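Put chain E on the given structure of chain D with help from the hints.
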Amino acid sequence: MEMNCPIPYMDTDCVLLGHGSGGRLSHQLIRDIFYPAFRNPLLEQDHDGCVFPVEAGRLAYSTDSFVVNPVFFPGGNIGDLAINGTVNDLACCGAAPLYLTAGFILEEGLPLTDLQRIVKSMQTAAETAGVKIAAGDTKVVERGKCDKIFINTSGIGIVPEGVNIAPSRVAPGDSVICSGDIGVHGIAILSARESLGFETNLKSDTAALNKMIAQLVQSIREVHVLRDPTRGGVGTTLNEIAASANVAIELNEASLPVPEPVRAASEILGLDPLFIANEGIVLLILPEKYADEALSILRRFPEGANARPIGQVLTTGKALVKLKTIYGNNRIVSMLAGDQLPRIC
Amino acid sequence: MQYVDDYRNSDRIRILVQAIRKEAVHPWQIMEICGGQTHTIARYRIEEMLPPTLGILHGPGCPVCVTPESIIDHALEIAARPEVIFTSFGDMMRVPGSHTDLLHLKACGADVRMLYSPLDALVLAENHPEKEVVFFAIGFETTAPVHLMALKEAERKGLKNFSLLCSLFAVPPAIEMILSQPDHKIDGFLIAGHVCAITGNEAYHAPATRYRRPMIVTGFEPVDILYGIYKCIRQLERKEARVENAYKRAVAENGNPEARQLMEEALEPVGREWRGIGLIPASGFALREIFSAYNAEKKFPYKGQTKTHASAVKGEKHCIAGEIMKGNKQVSDCRYFATACNPQQPFGAPMVSAEGVCAAYYHYQ
Numbered sequence: 000m001e002m003n004c005p006i007p008y009m010d011t012d013c014v015l016l017g018h019g020s021g022g023r024l025s026h027q028l029i030r031d032i033f034y035p036a037f038r039n040p041l042l043e044q045d046h047d048g049c050v051f052p053v054e055a056g057r058l059a060y061s062t063d064s065f066v067v068n069p070v071f072f073p074g075g076n077i078g079d080l081a082i083n084g085t086v087n088d089l090a091c092c093g094a095a096p097l098y099l100t101a102g103f104i105l106e107e108g109l110p111l112t113d114l115q116r117i118v119k120s121m122q123t124a125a126e127t128a129g130v131k132i133a134a135g136d137t138k139v140v141e142r143g144k145c146d147k148i149f150i151n152t153s154g155i156g157i158v159p160e161g162v163n164i165a166p167s168r169v170a171p172g173d174s175v176i177c178s179g180d181i182g183v184h185g186i187a188i189l190s191a192r193e194s195l196g197f198e199t200n201l202k203s204d205t206a207a208l209n210k211m212i213a214q215l216v217q218s219i220r221e222v223h224v225l226r227d228p229t230r231g232g233v234g235t236t237l238n239e240i241a242a243s244a245n246v247a248i249e250l251n252e253a254s255l256p257v258p259e260p261v262r263a264a265s266e267i268l269g270l271d272p273l274f275i276a277n278e279g280i281v282l283l284i285l286p287e288k289y290a291d292e293a294l295s296i297l298r299r300f301p302e303g304a305n306a307r308p309i310g311q312v313l314t315t316g317k318a319l320v321k322l323k324t325i326y327g328n329n330r331i332v333s334m335l336a337g338d339q340l341p342r343i344c
Numbered sequence: 000m001q002y003v004d005d006y007r008n009s010d011r012i013r014i015l016v017q018a019i020r021k022e023a024v025h026p027w028q029i030m031e032i033c034g035g036q037t038h039t040i041a042r043y044r045i046e047e048m049l050p051p052t053l054g055i056l057h058g059p060g061c062p063v064c065v066t067p068e069s070i071i072d073h074a075l076e077i078a079a080r081p082e083v084i085f086t087s088f089g090d091m092m093r094v095p096g097s098h099t100d101l102l103h104l105k106a107c108g109a110d111v112r113m114l115y116s117p118l119d120a121l122v123l124a125e126n127h128p129e130k131e132v133v134f135f136a137i138g139f140e141t142t143a144p145v146h147l148m149a150l151k152e153a154e155r156k157g158l159k160n161f162s163l164l165c166s167l168f169a170v171p172p173a174i175e176m177i178l179s180q181p182d183h184k185i186d187g188f189l190i191a192g193h194v195c196a197i198t199g200n201e202a203y204h205a206p207a208t209r210y211r212r213p214m215i216v217t218g219f220e221p222v223d224i225l226y227g228i229y230k231c232i233r234q235l236e237r238k239e240a241r242v243e244n245a246y247k248r249a250v251a252e253n254g255n256p257e258a259r260q261l262m263e264e265a266l267e268p269v270g271r272e273w274r275g276i277g278l279i280p281a282s283g284f285a286l287r288e289i290f291s292a293y294n295a296e297k298k299f300p301y302k303g304q305t306k307t308h309a310s311a312v313k314g315e316k317h318c319i320a321g322e323i324m325k326g327n328k329q330v331s332d333c334r335y336f337a338t339a340c341n342p343q344q345p346f347g348a349p350m351v352s353a354e355g356v357c358a359a360y361y362h363y364q
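Quick note, the sequences are listed as chains D and E, same order.
According to numbering that gives the first Met the number 0, the stretch in the first sequence is residues 0 to 344, in order.
According to numbering that gives the first Met the number 0, the stretch in the second sequence is residues 0 to 364, in order.
The following block holds chain D by itself, in its conformation from the complex (with noise of 0.2 Å):
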């Protein structure tokens, strides 16, 4: 390797330390990259944070970090979900997602075309979602440190008056739904991997679902909770539904929506779609006479095309999640210990 360093640094091509170094060369990043997509008067403020007036009312505030590998993927990078996945925890409280902030750790010699490139698809998702990122911050490791690039966002949100999204809710006799198809994003994932050698069509169904979920809340109040099922799937969710809220559900093995190309990846690499990562779906448990006026809301809007009821909330027995399978016998749906590891034979 050439050790002699004849390129001055403000023609760079990719992430440098001294990006993270809070000189010129952030300053420069900031102006080239971060401004142009996010500007907005409070990210003009231009100072440590930004400050803004609130209505009075209960906020919702969530937090998530993405360390999604690869950071380009069928459907999507690393900077869609950042925002989907905030937009997306906030909406599940109920709330009208209104500010992100967004931080960023880049590994040293991180393309500058791949950050403009993810930076670019936040800008879109934001807009989308109609969110805006009000404070940034960037931090520069060396070479090896982190994985070319980690997000973390953080966001705030307006709870509408009336909207109360709370496991504790949750009652016997209520019906369970989901908004779309399971296990979409994680076998696109996979399927980028390239030690993997697998190909599919799928793409990551990442998608910001405020706005259905908006429009969901605010014509059913009895929404009893919003869930989006991302790491640890569907079943990990439901578990926690149920633990959290005392309550035994049972889902209809018949009626759950795995399209076909998850259910063939999921045979050949021996894993169970219940428990594979969605981005773009969400889980709602209502009473059930709600059941159908939810149904036709989600289906007007494309993320929620798909929507079917997949199970209830039963009368009796202790904190669990079942399944009723296709031969009319019953199997425990468990939480998984670790990461779901590969049948071999």
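Honestly, I wouldn't trust all of these hints.
To be verified - Taking lysine-lysine pairs in the PhoX-like style, the calculated list, with each CA pair at most 25 Å apart, reads:
hint, chain 1, residue 1, chain 2, residue 2
1, E, Lys21, E, Lys238
2, E, Lys105, D, Lys144
3, D, Lys144, E, Lys130
4, E, Lys156, E, Lys298
Said to hold, decoys possible - Where chain E lies over chain D, by a calculated footprint (3+ residues, C-beta under 8 Å):
hint, stretch
5, 50 to 61
6, 260 to 268
None of these hints come from the bench; they were simulated from the model.
All of these numbers come straight from a predicted model, not from anything done at the bench.
In this text, a Cβ means the ideal position worked out from N, Cα and C, and glycines have one as well.
Here is chain E on its own, set in the frame of chain D:
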């Protein structure tokens, strides 16, 4: 997926369950051999579909579960070497050796990678000529040919930095060992279809006759399993005891001649210790001398330095998995199942592997 769905079809299931109920007059105990079959039985709750007089016992057919601690310790020692990229199927990552497991070693800085095929390890070896790439070749006769294919390919490409750490097992000697126990309870066997797809059915005729036990070559989907059980019951009720192929769509009487030839060329039978069960003569395969250059066992001889006296598996002395796999006990006989022993804190390997009998029953209880 149609190919799979046909063998999960609920109408077919119903017809087979009715046929079994009609056929089964006496109480019988049937053992399935393969971990894949165990998984299907637990997942689809097949035991609940059967008449209460039929018992299913779960055999030793999970290679992850029976790989002995000594080989895992050797794997850990090799994986800890700075020049090594150690590769393995995912199931093996969490199985404890005497002091740790591959996943922990990876967390501590070892280059351990989970792969889906030994052929992927070959690609790694090509891309990293400065490294030694070792693949943890575990399995029964089913997976052995794939490992050997990678080996032959490495030979063809002249790769010097690729080797296999073999933990390969043969099914028929294990069946013989189980049947030679004086007070075993097994009336009939479901033989692992994938194993027979490679080896053919020949090796099972002698034990079927000698021990007077029906041996049904069986597949892995719910319809396959029930069909195997049906065939087994039919023989038992008629006092017959022969090898019968209930998995004809995959298994030919003489198996896969090419794969058999490859195994013959590269492997020789050796006595092998089965975790929880003990040493079974001629129940394993080792690479023949001519392939020593690809034999990680020889390339990186075990020094035993990483071994400590404290066992990572705190409760292994309480583990009855060996007795379960020999057909002498059921999972329900274990007082620690799903209480002190669980996937987070396994007492034995069958609680770790997805195809281990305890993990299968834990997940689908």
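Hints, one by one, checked against the model:
Under the criterion of a C-alpha separation no larger than 25 Å, the hint pairing E/Lys21 with E/Lys238 is consistent with the structure, at around 17 Å. Distance restraint check for E/Lys105 and D/Lys144: the Cα-Cα separation of roughly 16 Å lies within the 25 Å cut-off, and the hinted pair is therefore satisfied. For a cut-off of 25 Å, the pair hint linking D/Lys144 to E/Lys130 stands: about 21 Å separates their Cα positions. For a cut-off of 25 Å, the pair hint linking E/Lys156 to E/Lys298 stands: about 19 Å separates their Cα positions.
Given a C-beta distance limit of less than 8 Å, the hint that chain E covers the stretch 50 to 61 of chain D is violated, as 0 residues qualify and 3 are needed. Counting residues of the stretch 260 to 268 of chain D whose CB lies closer than 8 Å to any CB of chain E gives 4, which reaches the minimum of 3, so the coverage claim holds.
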